Every structure is written in structure tokens, then in C-alpha cells.
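In case you want the letters, here they are:
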Amino acid sequence: MIKYLVRRLLLLVPTFIGISLITYAMIRLAPGDYTTLRAGLQGELKAGAIGTEIIEQEKKLYGLDKPVIVGYWDWFKKLVVLDFGVSRKDGRPVAERIGEALPITLSLNIISMIIVYIISIPGGIVSALKKDSLYDRVSSLVLFVLYSLPSFWVGLLLLMVLSGGDYLNLFPLGGIISDWAEDFSFFDRMVNIAWHLVLPVVTLTYGGFAFLSRYTRSTMLDVVNQQYIMTARAKGLTEKRVVLVHAFRNSLVPLVTLMASILPGLLGGSVIVESIFSIPGMGMLAFEAILARDIPVIMAIASISAVLTLIGILIADILYAVVDPRIRLEARQ
Amino acid sequence: MRILNILVFGARCIALCVALHALTACGDFSSVRDPRALYIHLGSEPGHLNPITSTEAVASSINQHIYETLLDRDYDTAELIPRLAESWSISGDRLRYRFRIKKGIQWSDGVELTADDIVYSFKTIKDPKVACAPLKVYYIDVREVRKIDRYTVEFRYSTQYFRALEICGTIPIVPKHVFDNGTDFNTHKNNRFPVGTGPFRFERWDTGKRIVLVRNERYKGKAPDLHRIVYRIVAEPNIALQMVKKGEMDVMSVRAIQWVRQTNSKKFNEGFYKLQYYLPAYNYIGWNAARPLFADRRVRLAMTHLVNREAILDKLLFGIGEIVTGSSYIHSKGYDKSIKPWPFDPARARELLAEAGWRDTNGDGILDKGGKKFTFTFTMPSGSKFAERLGTIMKEDLSKAGITMDINRYEWAVFVQKLHQRDFDAVTLAWSLSWEDDPYQLWHSTQVVGGSNFCSFKNAEADDIIIRLRKEFDENRRIKMYHRFHRILHEEQPYTFLYCLPAQVVVSRRFNDVKVHLRGLNYLEWKVAAIDD
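Protein sequence lines correspond, in order, to chains P and W.
Its first residue numbered 84, the first sequence is counted upward by one per residue in this note's numbering.
Its first residue numbered 948, the second sequence is counted upward by one per residue in this note's numbering.
Be aware that one or more of the hints could be misleading.
[As the list claims (entries may be wrong)] With the C-beta cut set under 8 Å, the calculated list includes, among others, these residues of chain P facing chain W:
#1 Ala108
#2 Leu112
#3 Gln140
#4 Met243
#5 Gly247
#6 Ala385
#7 Ala389
#8 Ala404
[Stated by the list, open to error] A short list of chain W residues far from chain P (calculated; beta carbon distances all over 10 Å):
#9 Arg1157
#10 Glu1183
#11 Ser1455
[Stated by the list, open to error] Each computed SDA-like pair below joins lysine to any residue, with the alpha-carbon atoms no more than 20 Å apart:
#12 Lys1365/W / Met109/P
#13 Lys1213/W / Leu120/P
#14 Lys143/P / Tyr1022/W
#15 Lys1070/W / Gln140/P
#16 Lys1214/W / Gln140/P
#17 Lys1365/W / Asp249/P
#18 Lys1169/W / Ile1072/W
Hints listed in this document are in silico derivations from the structure and should not be mistaken for laboratory results.
This one's a predicted model, so the numbers in the text were calculated from it and none came from an experiment.
Every residue gets a Cβ at the ideal spot worked out from N, C-alpha and C, and that includes glycine.
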């Protein structure tokens, strides 16, 4: 097992280098670069060839004149000492920009994820146990309808109806905290933030119900048809015990696979929800950085995502090894 | 039993209503707002607020209240007027521009502004290590800036140029004592904490949320009635308008559809002024004359005859805007109003195309010449709704005339690169202009390679006018040149000039003295109505 773990851990390093190198190369080789973009169309070329010379000067300033591999090496050397560089947009350290956006996105995503899990897993189990019943059919229909509603539409609708003031005025119009909220007490501040988060969280969660609950339903169905469940029932165990202890625990095994996507998923914000609700989170940060070709920010976000994905996969594999003896055996062989 | 059920249901409903009410009350966190604060909508967040390194329009709109320049433009006439400068003089050879600065002007931290600040700002702009390429090109012909005494500076030009006074007089000035401390100018911490001499000073910046300016008590000019200007960053225009309606914002530039459809209720008009003004800008369709298809003037003119500008203005822009025929600002003296737009005339277009050799020889409905079909691609930036719909209408209209048009959409960075590489047949874009524009950058034949003359417009007479115009200091003679140049563009049709569209702004009636000037709105003259009445 330890050998297996060490092997997996060692594999992480070359995989990360590969991912980051490809990402860097893609940004550098994509059409359009930061300096030309920033200079726009009018300014830099006003003086023709001289203007182009100035642009070249600026490219040098940002290291955009160097070959891709040299540029990547410069970036990588800094990364080793955890220096993500400076954002080109505002000249601030990338870590500081991520540090501002990340807590917002993390809290939004964790809350949404918890709600999705709390509602979907029991819903999925009940659907599986009551397969083809009216409940199963109706819940499937509702979930798929929700799944197919675009989030920008739902978000805007919620805001217009519940916050706009034309109909109801129950929630704030975007943002995550009221103006001048520093005057509030700690409790009021928390309530204020929670109040601001209601609509974004609703917009983020409703689409997730369908996927997770159908996933739980199908894994549960696989398990309840296994012989050992029949044996458990034949032994005279209560239905509650059969379902919650024997069936549910084993149906969780495939859910472990989702681990790999949960960690990086927590970090990546939703551009749509963040832009509708004026939330300065990771989604907007990444989106703006990509459009502006702000390489240090893009690389930092991509690297963090890559590391989290790799760790997620590793955790999933370890959990597999823990719950499934066959994997341990293969590793030993 | 049934009655009991109804009672229980009723009780639950009441409980739910009470809970909802409690929650609503809980959500009312509106703190006491300073009535003298002006809340303005910002659609995007600037990177920083340094007037030298920032190129964003949003940053300029904020900086104009924090920083000042030697000269300014009058709000009504757009003529150059003194601001930081007390007086100025121009040498006989028009190569030296000397400015005398007002004494006693203080930066918002209390230090006096002197000639050193201007010399430092100029040196910074010229510094290769400072990332301000768009600004650098304006100062290419400025050889040096010399300090004559504590309050006098002199700009030395290497060649005569008719806009030199404006360029020298509007150089962005930053405080030397703040920035000249050995740290990197591009990433200096004061790029986000500006220190200026203007009527407002920077107060706070909540990333992604708001930027707040507060009245500068050290300001020597007339103090504004407003105590604060709060810029609220809201990316989604529908939500921003909803905030305006709710009273959370006072000023917002709205889109055409919002102007026409969403701001017409009686209630809205009672609460808000709806103001329009034309800033120097226009949009156009550019035909790449370097491609054989559009090298012929007759073909370009035919294309203009095939673009139904009146109908597009009515359908897509609700009839708000003016069709333009040339490259100068439509309300400037250089714009020749006697030139009328080419009409939508498919019959004339077909004649012109036939003259140029484009006929449908094989009866397949598509024009051809020398075995080649009349097919081209229309390049546009993705995300532009106007361009998207313009393209669709054009495609249909052109197909009726036997022309096949494909549409290529590119993300902005790629679009810009395509233009630089001249890799397009036809393109749609907009230019913003100066109050009096220099056509050299866009239209001189030397700018075909490496400049902004993307459509490869070459005309010997136009070249001559452009060069003479740059050294002509007599306004009347310059206007004549502009008019002749305008006529050449109209005849040659390197672009199909489309529209000059107005800025459309809604402003809360909380304020009095809200006037529309040639340059737009001037917050400094606004009074808070509720308090003063």
C-alpha cells in the first residue's frame, strides 16, 4: 500500500509539469497578446512603425519576446518558491488577487455543494427504492426541468422578481454584503452576507440536483439488486438497516469517483452567476484574465486547479484502495 | 376532519407569512446614505487609476475628477481652456510651448505641485521600463520637457504639429514625490491609491464592488456640492438598471433597448432625467482594398449602395443616431454637412458592379468575374450584438444582389490580431475620435504597413492634404482641407460609414442643475435637489 502511494505521489510531479507546460504554451501561442490588446487599435499604431517599436519594447518588458520554453522556465522557477508573479491588469501580486476572490467562491460553492448533497442523495435513494413509482417519475421530471433551465435566465428572473422592487423586494440586488457593512455588528454582518447569498446559492444549486440524484439512484439500484441485499432481507433485518447500512454504504463507492472533481470544482467560480450577482469571485477573475491574456493570473489559477485535481484523483484512488481490497491486491502484485 | 385540515393549513400559511415578514425585515440593512453622495454605475472595473499607465475608458472617467492637466476643454465649446496652467505661450516657429503653472496648487497630500512634477511625468512616459505604449506614441515628437523655473515648463517639439498645444497641455501629471521612490512605476502601490490635485480625492476601493472618491478640501477651484462620488461596479446591465430604479444608483449609461423599452414608464420619468449627447465617435464597415475584390472603387461604392443604413438604424437602433459620411466628428467644423449619404440603391449597385465586370454569367444567381464568384467574409468581434445583427441583414441583402457573404466572429484579442495582420475582407468596428482629429493614423498611405490604415486606403491627393493639414495652424484653411478630404473619402468609400450614436444616460432627479453640454455631463455643477429646495 505504501509503495503504491509513493508511486502515485511521485507521478504527480511530472503530470503537473506536463499540464502547466501545455497550459502555458497554449496561452502564449494563442492569437493576440497582452500588450497589443492593451494598446488597443488606436493608440499604439498612431505613429506607424515607431509605434510598433514601442510595442516591441513593452513585450520585452513582460517577457513576451522570449521563446515559449524560456518563458515557461522563468515562470516555473518562481512557482517553486510559491511566487505567482504580478497581475498585468493592476500590477498587484496574483496571490493577493486570488486571496480576495477565493474565499467568496469557496463559501458559495461549499454551501451549494452541501445543499445539493443533502437534497440529492436522500432523493436519489428514495427514487431507487420506489423505482417507477409516481414519486420517482415526478421527481425525475422536475429535476430534469430544473436541469434544463439556463442559470443566467433563472438568476435574472429571481433578481427581477424577488429583488427588483417591481414585484417583491425580499433580497438585495447582487453583491455579497451591504454598503458600509463594517458599521454592523458581527452577527448582523453574518446575517447580511447570508441574506445576500440566498439567490446566488439557489441559482448555483438547482441544476446540480438532477445529476447527483440520478447518479445516486442508479448506483443504489445496482446495489439493491445484489444478492447480499436479498440475503440481508432474508435474514429478517429491518428495511431501514438493509437500506442505510448495507445498501447505502456500498452505493457510496462510485460516489468516491466524484471526489476528483469536487476539489477543483470548489475553486472555479461560475462566471454567469458571479456576473449576474456582481460577485467578485474566481469565475470572473479567471474569465477576465483569459480575455486580457493576463498570463500570471491564468497560470496561477490553472496550476492551483491542476494540483487540486491531482490531489482529488489521489484521494479517490486511496479511498478506492481502502474500500476495495482488489485494488490493494493489484498494487501489491 | 376536513375542517380541521383546512384550519391547520391556514395556520401554516399564516406562520409562513410571519416568518417571511421576519426574514424580510431581517434583510433590511440599508444604512443611512449620505444624500450628497453621487452613485454612478461602472460596467467594468479598471485595473488601476494611474493616468500614465492606464488605457481603460473607465479609469479615465474616474481619473478626470482626481487628476488635472495643464489645459482642459470647455464643456460647451470644447475649446482649450486653462486648468493647472495660468498662461501659456508658443514660440514663433511653433516648436516650443511654454506653460506657467498656477501657484499654490496642492496635491491631495498637501505637497505643492511644481514644474518638477511635469518634467517627471514626461520622463516617466518616455521611460522604456514604463508600460504606457498607447501614451508614448503621442509624445514621440516631443524632444524634451525643460523646467524653466519652479512654476514654468517648456515642451520642445521636433516638428511642427497642429495638435501640439493640446498634446502638451493635456499630458497626464503624477506627483513626483509619491512615485519617484525607486520602486517600479508599473506596479507602484499608489496606482491604486491615487494622489491628485482635482476636485475629488481617492477614498477607498473595494475590489469588484466600488471605488469611492471624496471631495478634496485642498482643491483651489470651485468646490463641488457633492461630498462623494461612489462608482458601483455591476457587470450585468439589466441588474444595474434595476438598481437605478430602486434608487441604489443615480447615474447610468443605458443601452438603446433600455432607453426605448425599459425607461419609459411614468414612474421612471418622474424619478429620472433621460439625457442624450453625441461624443466624437462613429462605426463603420471597412472594405480591405488590398484584396482584389475591393480594390475597385466601384465595387466599394456598390457595397455602400447595398447597405440599407436607414432601415438598419430604424430596426436595430430604434432610429436613435445619425448616419455619417466621413471620418470627422459629425458636429465638428471639419465635417462637411453638405455631403449627403449614398442612398440604399440596389439597382445602382448592380450597374456599378456590372461596370466593374461582375455579372452572373452562368445563371447560378451569384455574380462572377473571370471564373471567380463574388464571395467574401465579414469579420466581426464576437459578443457585439449590433455587429451580429448587422451581419445577418447584410448577408440577406447582398445575397439578393448575387453576392455571397460569410460571417467570421472572433474573440477581441484574435480580432485585433486579424486586423493587424490585414487578414480580413470586410470588417465592422467603431472609432472614437478627438474633438479635432488627425487623419494621418487612419488614412495616410504610409500607415498601410504597420499603421492603422487597415483597409489599405491610398490616394495621392488625400496624402497631400493630410500632410499639409498637420502643419496648418490657420483654422479656416484647415477646415477647407478637412472638407476636401471628407469629399475624397465619400467618393472613394474605403469604409461604408455607418452611424454616430449618442450616449444615453439616465440621472436621478435628486439632483438639480443637470445640464447636457457638448462634452457631456459635468457632475461638478450638480446640486442635491432635496437639500437645496
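The hints, checked one at a time:
Because the beta carbon of alanine 108/P sits about 17 Å from the nearest beta carbon in chain W, more than 8 Å, this interface hint is broken. Interface hint at leucine 112/P: violated, since its Cβ lies 12 Å from the closest Cβ of chain W, which is beyond the 8 Å cut-off. With 8 Å as the threshold, the beta carbon of glutamine 140/P comes within range of chain W, its nearest partner Cβ sitting at about 5 Å, so the hint holds. Against a cut-off of 8 Å between C-beta atoms, the interface hint on methionine 243/P holds, since the closest Cβ of chain W lies about 7 Å away.
Hint status for glycine 247/P: holds, given a least beta-carbon distance of 5 Å to chain W, under 8 Å. Interface restraint check: alanine 385/P against chain W, minimum CB-CB distance 18 Å, threshold 8 Å, status violated. Using the Cβ-Cβ criterion of 8 Å, the hint placing alanine 389/P at the interface with chain W is not satisfied: the shortest such distance is roughly 23 Å. Interface hint at alanine 404/P: violated, since its Cβ lies 42 Å from the closest Cβ of chain W, which is beyond the 8 Å cut-off.
Arginine 1157/W, annotated as away from the interface, has a beta carbon of chain P within 10 Å; the closest lies near 7 Å. With a cut of 10 Å on Cβ distances, glutamate 1183/W falls inside the contact zone with chain P, its closest approach being about 5 Å. Chain P leaves serine 1455/W outside its interface by the beta-carbon criterion, the shortest separation being 15 Å against a cut-off of 10 Å. Taken as a hint, the lysine 1365/W and methionine 109/P pair is honoured in the structure, with Cα atoms around 18 Å apart against an allowance of 20 Å.
The suggested pairing of lysine 1213/W with leucine 120/P is violated, with an alpha-carbon distance near 43 Å, which exceeds 20 Å. A C-alpha spacing of about 40 Å is found between lysine 143/P and tyrosine 1022/W, which places the hinted pair above 20 Å, so the restraint is violated. Our distance criterion of 20 Å between C-alpha atoms is met by lysine 1070/W and glutamine 140/P, whose separation comes to about 16 Å. Restraint check for lysine 1214/W and glutamine 140/P: not satisfied, since their Cα atoms lie roughly 55 Å apart, outside the 20 Å limit.
For the hint pairing lysine 1365/W with aspartate 249/P, the CA-to-CA distance comes to about 45 Å; that exceeds 20 Å, so the pair is violated. Distance restraint check for lysine 1169/W and isoleucine 1072/W: the Cα-Cα separation of roughly 30 Å exceeds the 20 Å cut-off, and the hinted pair is therefore not satisfied.
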